[in-house]
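Trainee: Taken in sequence, the protein lines are chains Y and P.
Per the working numbering, the very first residue in the first sequence carries number 1; after that it's consecutive.
Per the working numbering, the very first residue in the second sequence carries number 1; after that it's consecutive.
Any given hint could be a false lead.
Same chains, same names: a pair is fine if it fits in one copy or spans any two.
Claimed, not checked - Taking lysine-lysine pairs in the DSSO-like style, the calculated list, with each CA pair at most 30 Å apart, reads:
id : residue 1 : residue 2
1  : K222      : K28
2  : K178      : K222
3  : K222      : K154
4  : K283      : K51
5  : K241      : K283
6  : K240      : K154
7  : K154      : K98
8  : K48       : K222
Quick caveat, the hints were computed from the structure, so don't treat them as lab data.
In case you want the letters, here they are:
Number of protein chains: 2
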Amino acid sequence: MELIDGNLIAATIIAELKAEVAALPGRKPCIALVRIGDDPASLSYVKKKEKTAAEIGLTSRIILPPVTISQTDLFALLDQLNADPTVDGILVQSPLPKHLSEVAVFRRVSALKDVDGFNTLNLGKVAQEDETGFVACTPAGIMELLARSGVDLKGRHVVVLGRSLIVGKPVALLALQKKAGANATVTVCHSGTTNLPALTRQADVLIAAIGRAEFVTADMVKPGAVIIDVGINRVPDPTKKTGYRLTGDVHFPSVSPLASKITPVPGGVGPMTVALLMKNTLKAYRLQTAS
Amino acid sequence: MELIDGNLIAATIIAELKAEVAALPGRKPCIALVRIGDDPASLSYVKKKEKTAAEIGLTSRIILPPVTISQTDLFALLDQLNADPTVDGILVQSPLPKHLSEVAVFRRVSALKDVDGFNTLNLGKVAQEDETGFVACTPAGIMELLARSGVDLKGRHVVVLGRSLIVGKPVALLALQKKAGANATVTVCHSGTTNLPALTRQADVLIAAIGRAEFVTADMVKPGAVIIDVGINRVPDPTKKTGYRLTGDVHFPSVSPLASKITPVPGGVGPMTVALLMKNTLKAYRLQTAS
Numbered sequence: 001m002e003l004i005d006g007n008l009i010a011a012t013i014i015a016e017l018k019a020e021v022a023a024l025p026g027r028k029p030c031i032a033l034v035r036i037g038d039d040p041a042s043l044s045y046v047k048k049k050e051k052t053a054a055e056i057g058l059t060s061r062i063i064l065p066p067v068t069i070s071q072t073d074l075f076a077l078l079d080q081l082n083a084d085p086t087v088d089g090i091l092v093q094s095p096l097p098k099h100l101s102e103v104a105v106f107r108r109v110s111a112l113k114d115v116d117g118f119n120t121l122n123l124g125k126v127a128q129e130d131e132t133g134f135v136a137c138t139p140a141g142i143m144e145l146l147a148r149s150g151v152d153l154k155g156r157h158v159v160v161l162g163r164s165l166i167v168g169k170p171v172a173l174l175a176l177q178k179k180a181g182a183n184a185t186v187t188v189c190h191s192g193t194t195n196l197p198a199l200t201r202q203a204d205v206l207i208a209a210i211g212r213a214e215f216v217t218a219d220m221v222k223p224g225a226v227i228i229d230v231g232i233n234r235v236p237d238p239t240k241k242t243g244y245r246l247t248g249d250v251h252f253p254s255v256s257p258l259a260s261k262i263t264p265v266p267g268g269v270g271p272m273t274v275a276l277l278m279k280n281t282l283k284a285y286r287l288q289t290a291s
Numbered sequence: 001m002e003l004i005d006g007n008l009i010a011a012t013i014i015a016e017l018k019a020e021v022a023a024l025p026g027r028k029p030c031i032a033l034v035r036i037g038d039d040p041a042s043l044s045y046v047k048k049k050e051k052t053a054a055e056i057g058l059t060s061r062i063i064l065p066p067v068t069i070s071q072t073d074l075f076a077l078l079d080q081l082n083a084d085p086t087v088d089g090i091l092v093q094s095p096l097p098k099h100l101s102e103v104a105v106f107r108r109v110s111a112l113k114d115v116d117g118f119n120t121l122n123l124g125k126v127a128q129e130d131e132t133g134f135v136a137c138t139p140a141g142i143m144e145l146l147a148r149s150g151v152d153l154k155g156r157h158v159v160v161l162g163r164s165l166i167v168g169k170p171v172a173l174l175a176l177q178k179k180a181g182a183n184a185t186v187t188v189c190h191s192g193t194t195n196l197p198a199l200t201r202q203a204d205v206l207i208a209a210i211g212r213a214e215f216v217t218a219d220m221v222k223p224g225a226v227i228i229d230v231g232i233n234r235v236p237d238p239t240k241k242t243g244y245r246l247t248g249d250v251h252f253p254s255v256s257p258l259a260s261k262i263t264p265v266p267g268g269v270g271p272m273t274v275a276l277l278m279k280n281t282l283k284a285y286r287l288q289t290a291s
């Protein structure tokens with residue numbers, strides 16, 4: 001079994017981006033990070049993104065509207081950022097407060113600055129295999145992780161567990177694409193799937209993104225499979241100072257001995273998401289400055 | 001084995017639409033049918049659409065740019081139709097001449113008038129389960145065919161053979177949706193799939209859209225499966241006056257005895273596509289008149 005080291009691969013990407021950014025003339029690419037309210041997870045995510053941007057040499061602009069902001073006011077703010085030539089990428093940190101529609105908010109971000117890849121148009125472009133758009137960071141990160149670990153999906157059976165808009169569906173569409181590294185046969189399973197273990201056991205590559213702690217157990221995995229664990233779940237653990245530990249959607253102790261390669265949690269897919277956000281920001285900058 | 005009669009189901013939908021249109025006050029919904037050049041298949045498709053529109057009481061406007069039209073001029077024509085308040089739906093008949101980019105042309109059609117459902121934004125909305133958009137007519141027709149034949153996909157395994165943008169991918173996304181009638185587990189196979197028969201034999205519902213005459217044979221089908229044949233292939237046949245016969249992607253003689261339900265070719269999915277185009281046109285009219 002080989003551990004896929006997401007921290008290491010992300011660090012490589014970050015170093016590549018840093019070199020690219022250093023070579024840019026004039027102003028540096030800028031990402032606007034919009035965080036609404038004080039959700040502790042959002043706070044730490046935005047902090048991590050800000051820190052990584054700084055490390056690469058990107059500018060970040062942190063915008064902190066009150067948790068009570070109306071959708072109209074948020075739209076006005078986004079329109080302003082969309083029109084601002086010194087802002088290349090815009091990220092609205094999810095989850096949003098309940099009174100805001102995520103799909104509507106993400107759709108309001110200009111498709112040209114949509115570094116999160118959640119705009120409807122960019123999702124459509126993933127289906128169309130149109131590379132002018134932005135791919136959402138987690139699925140893009142998974143594809144990079146596979147490519148840089150020497151896993152070619154061609155002719156292989158990828159089983160995606162979970163059909164979310166942010167991971168399951170886009171990663172399924174990416175794995176299906178005709179381009180090099182992809183070209184997989186793809187099955188999407190979910191909470192409504194009958195006889196799930198029989199399906200996941202067919203996976204050459206299993207991507208678990210169902211959001212249930214240690215859901216994937218040894219009996220659900222074919223020996224030799226590549227396992228990508230997208231889950232980040234908090235499980236109570238009285239032995240920890242915080243009172244919990246982080247675990248993925250895969251039961252690592254029983255599954256890892258069977259896998260040919262596997263991502264740990266934390267340190268697998270997580271760091272890739274931030275790295276790909278930065279890569280998207282540089283792409284957005286190039287789109288902006290080319291137009 | 002029960003034959004799924006696409007002609008009959010399409011006729012029911014057309015009758016429903018006719019009643020709806022008759023009840024509309026004022027001007028009738030209008031579809032602009034843009035046919036470029038004289039491809040004989042395009043000619044017959046557009047004629048069929050025009051005829052069905054007339055039957056329902058919709059207005060159609062046939063526009064016949066020369067086969068040499070530049071992309072710029074075609075864009076100008078589409079912009080004019082996009083802006084015309086008396087045009088509700090716009091269809092650009094494919095295939096287009098080689099010098100025109102299909103994706104770019106389809107993207108130029110206003111998302112609000114995109115009755116073909118090929119605009120990138122509408123494809124993204126299918127992934128988002130956002131019903132304000134338009135679903136491409138063939139995949140929408142397949143879902144209607146299943147629903148009106150009493151096939152509930154919930155908990156069933158749908159195997160889609162083919163990953164085209166027009167059928168394979170959108171029908172996979174539709175079958176995955178959480179809404180009633182859908183909620184399937186979905187596998188997408190294609191020309192690059194290894195061990196294809198082992199996968200298609202798992203299908204409770206097999207949707208064949210691979211564009212190869214009689215490709216699906218009895219050994220690829222589980223007894224009792226529902227078979228949807230999207231293929232329309234011309235096979236040389238000296239006994240026919242035309243010199244060819246139409247056949248699907250399924251070898252009907254050997255597969256039909258195994259199937260619980262199956263669509264014939266012709267008379268299965270084909271007529272549904274036209275019926276759903278008309279349904280989309282009425283939806284476009286309602287969008288137009290509501291705004």
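Trainee: If a hint holds in the structure, say so; if it doesn't, say that too.
Mentor: Hint check:
When the C-alpha separation of K222 and K28 is checked against a cutoff of 30 Å, the pair qualifies neither within a copy, at 47 Å, nor between copies, at 58 Å. Proximity of K178 and K222 under a CA criterion of 30 Å is satisfied in both settings, with 25 Å inside one chain copy and 28 Å between copies. In the homo-oligomer, the alpha carbons of K222 and K154 lie at most 30 Å apart both inside one protomer (18 Å) and across protomers (26 Å), since each shortest distance falls under that limit. For the identical chains of this complex, K283 and K51 are intra-copy neighbours only, at 19 Å inside a copy versus 48 Å across copies, given an alpha-carbon limit of 30 Å.
When the C-alpha separation of K241 and K283 is checked against a cutoff of 30 Å, the pair qualifies neither within a copy, at 40 Å, nor between copies, at 57 Å. In this assembly of identical chains, the alpha carbons of K240 and K154 never lie at most 30 Å apart, being 42 Å within a copy and 42 Å across copies at closest. In this assembly of identical chains, the alpha carbons of K154 and K98 lie at most 30 Å apart only when taken from different copies (29 Å versus 41 Å within one copy). In the homo-oligomer, the alpha carbons of K48 and K222 never lie at most 30 Å apart, since the shortest distance is 35 Å inside one protomer and 51 Å across protomers.
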